[in-house]
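Novice: Chains as they are written, first to last, in this note's numbering: chain P, 1 to 314; chain A, 1 to 620; chain F, 1 to 257.
In case anyone wonders, no lab produced these hints; they're calculated from the structure. There may be inaccurate statements among the hints.
[Stated by the list, open to error] List of simulated lysine to any residue pairs, SDA-like, C-alpha gap at most 20 Å:
1) K18/F with D286/P
2) K2/P with S170/P
3) K52/F with G146/F
4) K72/F with G342/A
5) K91/F with T29/F
6) K192/F with G243/A
7) K278/P with I249/F
8) K227/F with Q269/P
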Amino acid sequence: MKILVLIESINNKIHPVSIEALVAAQNIASENSVEIYPLCLNKNLIDDLSKFKCTKVLNVESLDLKNYEPMTYLDAAEKVFKAMDADLIMLGHTYETRDWAPRLSARLDIPFLSDCININLSDSKLIINRPIYQAKLIQKIALSDKGLVSFQAGSFSSENLIHENSPSESLSIELNSYDSIKQGERFQESAGGVDLTASDFIVSIGRGLGKEENIPLAQNLADKINAQIGASRPVVDAGWLDHSRQIGSSGQVVSPKLYFSLGISGAIQHLVGMKGSKQIIAINKDPNAPIFEIADYAVIGDVLEILPKLTENL
Amino acid sequence: MVYFNYIEQILMSLLILVCIGSFCFEITKRFRIVFKGEGSLPFDNIPSRLWRVFEEFLLQKKVLQQRFIPGLMHAFVFWGFIAFALITIDHFFRGYNSALFTDNTRYFYSLAFGIPWSFLVLIGILYLAYRRFYIRPKYLGEKISYTSGIVAIFISTLMITYMIDAYWIVYDSHPSALTFKINWWIHAILILLFLFLIPRSKHLHLVLSPINIFFKSFDNPNHRAVPIDMEGDEEELEKLLTGMGKLTKSQTLDIFSCVECGRCTEVCPANRGGGVLDPKHNFILDLKNPIMDTNNVDVIGNINVEAGWECTSCQACTEACPVGNEVEKADETRNLQVLVEGNVPQEYQKLFMNLQTTGNTEGATSSTLSEKLPIYDGTQDFVLWLGGFSKYALDPKYGESVISLTKILDKAKITYGILAKEKCTGEPANKLGDKLTYNMLMQENLETLKEVKKIITMCPHCSINLGTEYAKYEKIEYEVYHHTEVIEDLIKNKKITVNKNNNDKVTFHDPCNLSRGMNVTKAPRTAINASCSDFKELDENGKNTLCCGAGGGLWWKKETVGKTHLVRAEQVIESGSDTVVTGCSFCYGMMNQGLGPLTPQDQEPIKVKDVADIVAENLS
Amino acid sequence: MKICVLMKQVASEDSPLKINSNGSGIDETNLNLITNEPDTYALEEALLIKEKTSGEVTICTLGPDSSQQVIKDGLAKGADKAIHITIENLKNVSPLSMGKVIYNKIKDENFDLVLSGLQSNDYGHAQLGIIISEYLNYSHASLVIGTEVNEENSLKIKRELENGWFQSAELTLPACLSIQSGINQPRYATLKGIMSVKNKPVDKCEAKELGISEDSGYKVEEVFLPKKAKETQILDGSTDEIVNQLTDILKNKIKVG
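Generate the whole structure from the sequences, applying the supplied hints.
Specialist: Here it is as C-alpha cells:
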C-alpha cells in the first residue's frame, strides 16, 4: 500500500497536524508493508521532513509555495498521486484542508473521510473512525478501495513520531497555471487580543451562563485562581466577549493546566480547541453534554448557584 | 358700570371669532386624523365609562396617585379652572355691557369660590412652574417646554387680574375706567390666546382627556386580533398587512391627548432597568410629528424597533397614564417586524420554530411533570392546564408548586385532569409578533378544548390567552380560572381549612398579568392572610406592581441592554422579607434568577413560593 | 445573477439520538427534522446578493419527501424556485455520490453562484459544496465569512482562518462558495412570503433517474457511542458539598494560585 501524506505549511514550518497525520501513517506502516510518501510543496520543509521515518520525502521541482494556492495544490496532489499510483492520501484536518481536499476527492474520484479520529489496517482492510452528530456518535467505516482521509487535531500524538533519516526526491511534474482564484492578504481583526495559548489556567464561559450580566461571576472566579477568561463561539457571536477570547476551531487552541468550563455544552468545534488541556472541570445543567466525555471532573448543576459560593470559598 | 363702546365690542367680537375659529379648526384637523384610524370608538358600558371619567378626570384620581404633591397642585389648577368657568363667561358678557351674574351673586360667588380658588390656583401654578423649571425632574424631559412657561405666565396673570377685579367687587371700590379696562382686556386677551394655544400644544389634554378617558378600553392590554387565514386570497392579505401599520382611532386620540408628564416612563420596568425603552417617546410622542406631517395614521413603522423589543408588555404605562392613554405599542411594532419585515431577532427564530414543530417553546418531546398527573377524561371538574413553563421545567423547582395545587384540590375533593394534547397557548408567539404561529396553536388548542367547560391554570399568561385573547378570535364556551381565584373560593366557602402557621416575614409580588391583566389582586391576599401571620406589602403592589421582567417574551431574550429582570428582585431584597410569594410561573422563575446573584453575602437566601405552596404547607 | 443554494434537512440537535437495533446507524423514528442551520446562512447570503444584483435564487435539495419543508421555508424567505431531488434515504450516500447526482441535475442551469452551508450538522462531511465546484469546473472558496459581488465577472470574498485570522480572495465567476455560520443574520419569513410559496415552481425529480450510485467507496460498519479515554469523576451532592469538593480539587489537586 502506498500512502501519500500531504504536509501543510504554516509560518514556513511543518504544521503540527501534518506531523500527526504522519504519525498515523507510521502507525499503520509498523505492522504492514506500507510505503509512506510525505509530499510538501514548500521546499523549506524538506530538510525537517527528511529526519522522520518514511519511504521518501517528495516535492515538486517547480513549486516552492509558502502560501496556500488551492488550484495549484490540487493539480500537484492529483498528478503526484497518479504518478506514484498511490492508494491512500492522509492529511491533517484544517481549514485549509476543508477548502481544497473535497475538490481533490472529486477530481480523483476517491471518497474523502474527513475529520477522523483513528485509523487501523487489519487484513488489508482499512478501518477508520469518524465522529458524527457533533461527536455524540462515532461511525466505524471500512474503506473499500482508494481514499482520502483527514485527521482531527489531537487524534495522534507528535510524541509518537519515529525519527529516522529518509531520502527525498524532487519530481518533475508539469503543472497548469490558473487565475480563477487569487488569494489575498491575511489579516487579523481583534487588535491586541489576549493570548490564551500562553495561559496556565482558563475559565471558559458558555451560553449556560444565561446572560451577559452574569459574566462578572465567572470573572471573579478567574481572578481568584489567576486564570484568563475564554469563551465558546456562541458567547462571542452574541457579542458578550471579544473574539480574542474564543476557544475552538475558529478561535484559539489551548492546552492549559486547567480548563474550567462553565455552562458549555461541548460542541465538537469547541472541544477541538481545548481537549488537549491537562485537567478539565466542567459544570453544566445537561447531564448529556458532550463536554462531560472529556472532563476529568463533571458537575451536573446550575453554574449560577455554584459560582458565587465557590469564589467565596477560595 | 364701565361702558364698552362699539369699537371695543367689534374688536372683541373679531378676536373671539378668530380665536374660537382657530381653536375649532385645529381640533377638527386632529379629529379628522383620528377618524382615519382603524376600528371604532367604543360606546358600550356607558355608566362604567362615565364613572371612570368622574374618578379619573374630575377627581384627578391617577394624577394624585402617582405623584401626590405635584398632583395636588395640578388638581388645584384644574378644579380652579372649573370653578372659574362661570366667572369667565360672566367676564365676557360684561364686555358687551351685559352680565351673567347679578351684582349680589357676583359678590358672593367671588367670596365663596373666586377668591379662594384664585389663591389655590396661583399657589398650584407657581409650584408646578418651580418644579418644572427649577427642580427639572427627568421624566418631564431634557428640553425646557416653552409652552409650559407661557401657560404658567398666562395662568398667573389671569389669577392676578382676577384678584384685582375681585378686590374691586368685594371692597366695592370704583377704579378709573381706564384701569378697569386695562385689567379687563389683559384678562380677556389671555383667555383668547389660551384658546389659540391649547390645540397646538400638549394643553389639548384639557379638552381631550375626558373624551379619551371615556373611550379607554376596559381590557388591559387592548390590542387588535390579527386573524390569519392561510387559505385566504391575496386581497384579504393585503388589507391585513396594510392595516398592521396603522394606529386605531383610540390610539390616535391618545397621541393628541398626551400631556407629556412622563409617568409612563417613570413606571416602565425596562426603562428602570437601564434599557433603551422610553414609553413616553417611543410609544407616543415619536408618532406625533409623523401623523401631523402625513395627515394620516400609518405610523407604526416609526416606532423605535429596538425599544419595542425591550417591552415586557406589563401595562404599567397604561395603568399610570392620567389622561387615559393605552400607551404600550410593542405588540403593533413587533407584528410589523415579524409578519411584514421578517426582522426577527435570532433567539426568537428558534423559539417560533420550536412552537411550530413541537408545540412548545423548548423543542421538547416529553414532560416529566405530565407523567405524574391524571389525564382529563371529560368527567372531572376541571381541566388543569399546565402551561409550558411547568411542563418543561423552565424553572426546575416550579413543578413542586403544581403538585402543591393538586394537594389543595385533592383536599377539597375537586377532580381535575391534564390534557394530553395540550400545546402552548401561543402566548410567546402572540406577544412577540408571530401571529401566524399564534393562530396555528390557537386553532389546535380550541379543537382540543371543544367539550371542555372549566379550566384552572397557574399561569396568568395562559389564562389571559385562553380566555380574553382567544375570545377575540372565536367564541369560546369554557371558563378559565386562575388558581388563586379557585383557592380564594375554597377558603371562603370553607371547602379547605388553612392554618395561620407561617411566621416568616412574607411579602407578595403581584404578577402584572394577574393584577393588571386579569384585575385579580384580592384572591392571592386572601390565601396569604389565611396562612401567614407577618405579611407586609411591597411599595409597588396591586395594580401598581412592578413587573418581574419576564413578560412580553423577554424570558427568552438572552441579550438585553438593561437589567429589567433585576429591578423588582432588588426591591424584594430591600424589603427585608424572608419569603416572597407570587402567583405566576414566570414571576417564580424570575425571582429565583434575580434574587440569587443580588442577595448580599451575609443575608439568608430569600425563599420563593407560589400561593399554592403556602396554602398547601398550611392545610389542616 | 442566478444563484443556487444547496440545502439539507437534518435531525435537530435536541432530537433523541439512539442507535438502531443492528447498530448500523441511528434510529430514525422520533427525530425532529429541521433545515440544516449552516444552510440558512447560505440562503440568507444568496438572498442578500439577489437583492443587490437583482437575480434569482433557486433552492436545491436532495432528500426524502419530508425535505419539502426545507423548500417551503426557503421559498417563504424569498427564494424564487426550487429543485427537489427525491431519494428515500441519504444515510449511506457519500458526498461524492450526492455531488454527482446534483451536478447531473444542475449542470445545464448555468448558475453564476452555488452556495452551501459549511457542513451539515448530522454527518458533518463539509464537502458537497466544494465537490460540486470540481464537477462544474467553477472557482471555489470555503469558510466564506463575507462576500462582495463586483462587476459581472468577479467576486471578492473573505475567508475565515484559524486563530482569529482572515484572508481575502478574488474569484472569477461562476463560483461555488461554502458559507460559514455567522456571516449574516438569517431573516424570518414574512407573512407575504409564506403565502407566496404556493405560487413558486418546484421541479421534482428522482435521484434514481440522475444516476445515484449505491457504491460510496466505503461502508459504514457500525455506529457506536464514544468511549471515554479518561475516567470522569462526577461530583455530587448539594451545592455546598459540590463547592467544597471543587475547592479541594482546585487548591490541592490542581494547585491554582
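Novice: Does S170/P sit within 20 Å of K2/P, going by the straight-line distance between their CA atoms?
Specialist: It holds: about 18 Å lies between the C-alpha atoms, which stays within 20 Å.
Novice: Holds or violated: K91/F and T29/F, Cα atoms, limit 20 Å.
Specialist: With a Cα-Cα distance of about 14 Å, the restraint between K91/F and T29/F holds, given a limit of 20 Å.
Novice: Does I249/F lie within 20 Å of K278/P when you go C-alpha to C-alpha?
Specialist: Holds. K278/P to I249/F sits at ~14 Å (cutoff 20 Å).
Novice: Given the hinted pair K227/F and Q269/P, is their alpha-carbon gap at most 20 Å?
Specialist: Holds: K227/F and Q269/P sit about 19 Å apart, inside 20 Å.
Novice: Decide if the proposed pair is consistent with the structure: K192/F and G243/A, CA atoms, cutoff 20 Å inclusive.
Specialist: 14 Å, holds
Novice: Straight-line Cα separation of K52/F and G146/F no greater than 20 Å?
Specialist: 14 Å, holds
Novice: Sort out whether G342/A lies within 20 Å of K72/F, counting only the CA atoms.
Specialist: 15 Å, holds
Novice: Between K18/F and D286/P, does the CA-CA distance stay at or below 20 Å?
Specialist: Roughly 17 Å between the alpha carbons, so the hint for K18/F and D286/P holds.
Consistency note: the structure conflicts with none of the earlier hints.
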